[in-house]
Amino acid sequence: MRPLTLLALLALATLCLTGQVDSKPSVAESSKGAAFMSKREGSEVVRRPRRYLDQGLGAPAPYPDPLEPKKEVCELSPDCDELADHIGFQEAYRRFYGTA
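Numbering (my numbering), first residue to last: 2 to 101.
Keep in mind the hints are simulated off the structure, nothing from the lab.
Glycine residues also receive a C-beta, built at the ideal position from the N, C-alpha and C atoms.
Don't take every hint at face value.
With beta-carbon atoms standing in for the labels, derived distance ranges [to be verified]:
(1) 100 - 65: 43 to 53 angstroms
(2) 13 - 65: 36 to 46 angstroms
(3) 41 - 100: 52 to 62 angstroms
(4) 41 - 70: 40 to 50 angstroms
(5) 46 - 70: 40 to 50 angstroms
Turn these sequences into a full structure, and let the hints steer you where they fit.
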């Protein structure tokens, strides 16, 4: 079964490779300007709506996390960081520094 599968794969690979070598690009594909476009056309292709303008397009800007400064303080303390891995950040911060 394996030699038959291997022989079929080799035959398929040979057909694919010989088909690509013998084929020549058509006149439309090989024309000089087909691969390039003007700057205006290129900018229209890559133009995207502005993300943070209030036009209803795109996702709104994410809100900053109010607990981020406290998370950084807890991460700088090895004991608080280790405890946060076990019981969660807010509880670890409350035990080491008071209310979160």
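For a quick check of understanding: which of the numbered hints are violated here, in increasing order? 1, 2
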